[in-house]
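One letter stands for each residue in the lines below.
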Amino acid sequence: MGRSSSSPSSSIDSTSNLTPLSPSSPNSSSSSSSICLSSNFTSRTTRRSIRRDLSTDLRLGLSISSSPKHVLPNNNVVSIQRVDNQQRPDWPPIKPLLRSALSGRSAEERHGAASSLFVKVYMEGVPIGRKLDLLNHDGYANLAETLAHMFKAPILCPNGSRAHSDKHYVLTYEDREGDWMMVGDVPWEIFMSTVKRLKITRADRC
Amino acid sequence: MRALPELMDPKRARESPESAVLSRPSAFPDEVLERILSLLDTHKDRSSASLVSKAWYHAERWSRARVFIGNCYSVSAEILVRRFPNIRSVTLKGKPRFSDFNLVPQNWGADIHSWLLVFAEHYPSLEELRLKRMTVTDQSLEFLALKFPNFKSLSLLSCDGFSTDGLSAIATHCRNLTELDIQENGIDDISGNWLNCFPDNFTSLEVLNFASLNSEVNFDSLERLVTRCNLLRILKVNKTITLDQLQRLLVRAPWLTELGTGSFIQELTPRQYADLETSFKGCRNLQTLSGLSEATALYLPALYPACANLTFLNLSYAALQSEELARLLAYCAHLRRLWVLDTVEDKGLEAVGQNCPLLEELRVFPSDPFDEEIVHGVTELGFLAVSYGCRKLRYVLYFCRQMTNAAVATIVRNCPDFTHFRLCIMNPGQPDYLTREPMDEAFGAVVKNCPKLQRLAVSGLLTDLTFEYIGTFAKNLETLSVAFAGSSDLGMQCVLEGCPKLRKLEIRDCPFGNKALLSGLEKYESMRSLWMSACKITMNGCRLLARKMPRLNVEVMKDEESNDGQSYKVYVYRSVAGPRRDAPPFVLTL
Numbered sequence: 001m002g003r004s005s006s007s008p009s010s011s012i013d014s015t016s017n018l019t020p021l022s023p024s025s026p027n028s029s030s031s032s033s034s035i036c037l038s039s040n041f042t043s044r045t046t047r048r049s050i051r052r053d054l055s056t057d058l059r060l061g062l063s064i065s066s067s068p069k070h071v072l073p074n075n076n077v078v079s080i081q082r083v084d085n086q087q088r089p090d091w092p093p094i095k096p097l098l099r100s101a102l103s104g105r106s107a108e109e110r111h112g113a114a115s116s117l118f119v120k121v122y123m124e125g126v127p128i129g130r131k132l133d134l135l136n137h138d139g140y141a142n143l144a145e146t147l148a149h150m151f152k153a154p155i156l157c158p159n160g161s162r163a164h165s166d167k168h169y170v171l172t173y174e175d176r177e178g179d180w181m182m183v184g185d186v187p188w189e190i191f192m193s194t195v196k197r198l199k200i201t202r203a204d205r206c
Numbered sequence: 001m002r003a004l005p006e007l008m009d010p011k012r013a014r015e016s017p018e019s020a021v022l023s024r025p026s027a028f029p030d031e032v033l034e035r036i037l038s039l040l041d042t043h044k045d046r047s048s049a050s051l052v053s054k055a056w057y058h059a060e061r062w063s064r065a066r067v068f069i070g071n072c073y074s075v076s077a078e079i080l081v082r083r084f085p086n087i088r089s090v091t092l093k094g095k096p097r098f099s100d101f102n103l104v105p106q107n108w109g110a111d112i113h114s115w116l117l118v119f120a121e122h123y124p125s126l127e128e129l130r131l132k133r134m135t136v137t138d139q140s141l142e143f144l145a146l147k148f149p150n151f152k153s154l155s156l157l158s159c160d161g162f163s164t165d166g167l168s169a170i171a172t173h174c175r176n177l178t179e180l181d182i183q184e185n186g187i188d189d190i191s192g193n194w195l196n197c198f199p200d201n202f203t204s205l206e207v208l209n210f211a212s213l214n215s216e217v218n219f220d221s222l223e224r225l226v227t228r229c230n231l232l233r234i235l236k237v238n239k240t241i242t243l244d245q246l247q248r249l250l251v252r253a254p255w256l257t258e259l260g261t262g263s264f265i266q267e268l269t270p271r272q273y274a275d276l277e278t279s280f281k282g283c284r285n286l287q288t289l290s291g292l293s294e295a296t297a298l299y300l301p302a303l304y305p306a307c308a309n310l311t312f313l314n315l316s317y318a319a320l321q322s323e324e325l326a327r328l329l330a331y332c333a334h335l336r337r338l339w340v341l342d343t344v345e346d347k348g349l350e351a352v353g354q355n356c357p358l359l360e361e362l363r364v365f366p367s368d369p370f371d372e373e374i375v376h377g378v379t380e381l382g383f384l385a386v387s388y389g390c391r392k393l394r395y396v397l398y399f400c401r402q403m404t405n406a407a408v409a410t411i412v413r414n415c416p417d418f419t420h421f422r423l424c425i426m427n428p429g430q431p432d433y434l435t436r437e438p439m440d441e442a443f444g445a446v447v448k449n450c451p452k453l454q455r456l457a458v459s460g461l462l463t464d465l466t467f468e469y470i471g472t473f474a475k476n477l478e479t480l481s482v483a484f485a486g487s488s489d490l491g492m493q494c495v496l497e498g499c500p501k502l503r504k505l506e507i508r509d510c511p512f513g514n515k516a517l518l519s520g521l522e523k524y525e526s527m528r529s530l531w532m533s534a535c536k537i538t539m540n541g542c543r544l545l546a547r548k549m550p551r552l553n554v555e556v557m558k559d560e561e562s563n564d565g566q567s568y569k570v571y572v573y574r575s576v577a578g579p580r581r582d583a584p585p586f587v588l589t590l
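Residue numbers (UniProt numbering), protein chains in the order written: chain E, 1 to 206; chain U, 1 to 590.
Hints are computed from structural coordinates only; laboratory data are not their basis. Note that CB positions come from ideal geometry on N, CA and C, so glycine has one too. Heads up, a few of these hints could be off.
[Said to hold, decoys possible] If the Cβ cut is set under 7 Å, some of the chain E residues that face chain U in the computed set are: (1) P89; (2) P92; (3) P93; (4) K95; (5) L97; (6) A101; (7) E145; (8) S193.
[To be verified] Partial chain E-side listing against chain U, Cβ under 8 Å, derived: (9) I94; (10) P96; (11) S103; (12) V195.
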């Protein structure tokens with residue numbers, strides 16, 4: 001596949017050295033179930049969050065804008081597809097339903113922000129919950145780590161051993177059908193598509 | 001409508017033997033003429049018949065049952081009911097097509113309600129209403145449900161202004177409903193309760209499409225509805241329906257001809273998977289399949305047995321990879337229409353070329369339209385591969401990030417029967433990526449090699465040469481869409497002067513100004529409409545156009561997004577109803 005040929009900035013070109021399909025994550029030592037994913041299962045959303053992180057890095061140090069400009073024969077300079085890092089609402093010419101389906105959010109939540117999947121997280125015994133963006137994570141290990149930091153509690157990584165279950169917590173989730181399930185049994189992508197909310201419960205209850 | 005002189009003047013009739021036959025009224029009574037004309041069903045044929053003579057005009061208008069109005073402001077409801085007293089089916093299109101891409105502000109118009117008020121008085125037996133890009137409120141839907149006891153068929157495509165409460169009214173009151181087709185609308189999706197409103201003794205439904213609604217419906221209600229409506233042939237469910245629920249529905253309605261599967265994702269036990277496979281084996285009549293929005297390689301094979309007679313496969317919400325598509329297509333040898341996301345990549349399109357020799361229509365949508373650094377998607381190679389394998393291709397919509405003139409030239413040599421060629425190179429102003437030249441020769445090849453071309457959408461770096469080619473060769477062109485193209489007024493002038501059958505011209509972000517606009521004065525009266533936005537038109541140009549052509553409606557809106565505040569959006573269309581009376585304050589009618 002050819003690269004987009006119209007980016008004038010060489011620093012943007014350098015991002016295409018990174019293969020979008022590699023499930024690269026900060027915690028490469030994780031033993032999470034994301035390892036079992038073949039490239040078939042790597043989600044578009046994972047690739048998107050990787051790319052989004054990179055473009056943030058680029059913008060911080062450089063004075064160029066993130067949207068390449070095109071000079072057309074009539075000398076109109078046109079900035080396409082991104083205006084101030086927001087999607088252009090009128091280009092490319094695809095219908096609204098497809099547009100919202102592809103940008104990873106439901107038709108009801110139409111904001112200018114980048115795509116996200118916020119779910120509520122409750123800890124057993126704590127009435128006030130937190131919210132977490134699942135799209136910022138690329139696997140179960142990543143998720144467990146974030147939650148451990150958030151709630152200051154030792155949360156078992158879903159595929160870790162269950163040997164020490166006394167003082168640990170496990171992660172459960174409510175799926176689309178309303179059932180409460182243990183996190184970690186299904187591939188990450190399927191989990192992301194059925195999860196509605198999370199709950200951290202004591203390990204000895206499961 | 002010029003009447004034959006023999007028919008109008010009895011004295012003249014006696015002058016020749018042939019006209020004597022024509023003028024004898026008893027030889028050809030009106031009822032017979034009406035009966036014959038009632039067998040004409042296309043709008044074009046009926047329009048032609050109405051122009052033959054006064055007698056034919058009247059016979060045609062009394063016998064017409066279906067009317068199609070491509071621009072709701074070209075005629076008024078009052079004029080419509082005066083001419084056609086016996087209409088049962090109305091199809092109306094409202095907003096300009098670019099409203100799909102947020103180029104038309106809210107509350108622009110095209111509200112159905114005033115039409116319904118007139119229909120309630122003159123067409124109380126109305127059976128069918130098909131609306132596209134119209135504003136429809138819940139109040140209108142309730143009015144429709146209550147005032148038209150014979151109402152059977154409702155289709156809403158790309159409409160806005162209503163909620164699921166409006167659907168509740170339709171389900172509750174339309175006792176004879178056969179079709180409820182809700183597609184891609186700006187709908188306020190409050191809940192799925194509308195489905196429960198169909199009465200228990202309601203059994204007439206044949207078509208139910210709620211695939212684009214998001215809220216969950218009560219599955220028991222749906223299952224009971226499907227069970228008792230044994231004429232149901234088209235069922236498209238939304239993504240809240242799970243796989244095993246789908247399986248239960250298929251068992252109830254194995255004779256479906258069109259199926260929308262919902263998301264097609266769930267964790268199935270082996271037993272459930274076997275049941276699903278068996279149900280699909282029982283669907284022998286399936287011609288159209290859609291949905292599959294979260295289908296994965298895991299469960300797609302369950303579908304294979306149902307694909308033998310498939311002619312239309314719509315995967316535009318299913319992000320399939322190339323191997324998944326290839327395996328599926330091996331079972332779809334009779335496919336004529338295929339819509340996919342570009343996640344299938346060139347390799348997937350090669351599989352299309354290899355497996356679907358009967359293919360006539362291909363649409364490839366972008367799965368990641370907002371990211372320019374993407375290195376995947378489809379290229380010219382995929383399109384080429386399809387053209388080698390599918391020589392009957394006549395409709396293509398192709399979103400890509402690179403293209404070459406040479407590839408397009410080869411493609412149209414392989415497939416000269418194109419009627420619809422819509423190519424969208426997503427980075428505007430992008431040249432041939434190998435030669436760095438403009439894409440003029442590509443579209444030149446299209447118009448030279450495809451004499452049947454009716455619809456064209458151009459993209460990439462284009463100079464006036466493209467439009468010279470179009471004006472010279474595209475003699476059957478009816479619809480042209482242009483964005484970010486052209487070098488001067490000459491481009492637009494070539495098209496206006498050269499394309500005799502042009503009906504719809506929509507232009508955005510091009511350097512065409514007043515000279516171009518005013519070069520098409522008489523032309524616009526033979527067209528349905530012209531749209532221009534973010535071009536170099538000024539208010540003076542629009543005023544001049546309006547002054548010179550009083551029978552055209554010239555509507556101007558200020559372009560909010562433009563940098564200099566001088567840019568306008570202009571919408572020009574012919575109308576027998578005069579300037580519209582419902583224009584909002586931001587639409588200036590000149």
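So, going through the hints one by one against the coordinates:
Checking E/P89 against chain U: minimum C-beta separation of about 4 Å stays under 7 Å; hint holds. Satisfaction of the interface hint for E/P92 is found here, the shortest Cβ-Cβ separation to chain U being roughly 5 Å, below the 7 Å cut-off. Interface restraint check for E/P93: the shortest CB-CB distance to chain U comes to about 5 Å, inside 7 Å, so the restraint holds. The restraint placing E/K95 at the interface with chain U holds, with a minimum CB-CB distance near 5 Å, inside the 7 Å limit.
At its closest, the beta carbon of E/L97 sits 4 Å from a beta carbon of chain U; the interface hint therefore holds under the 7 Å criterion. Hint status for E/A101: holds, given a least beta-carbon distance of 6 Å to chain U, under 7 Å. At its closest, the beta carbon of E/E145 sits 26 Å from a beta carbon of chain U; the interface hint therefore is violated under the 7 Å criterion. For the restraint placing E/S193 at the interface with chain U, the shortest Cβ-Cβ distance is roughly 6 Å, inside the 7 Å limit, so the hint holds.
Residue-level restraint check for E/I94 holds (minimum Cβ-Cβ distance to chain U is 6 Å; threshold 8 Å). Nearest Cβ of chain U to the Cβ of E/P96: about 7 Å, under the 8 Å cut. The hint holds. For E/S103, the interface hint holds, since its Cβ comes within 8 Å of a Cβ in chain U; the closest pair sits about 7 Å apart. Hint on E/V195 is violated. Least Cβ distance to chain U is approximately 13 Å, over the 8 Å limit.
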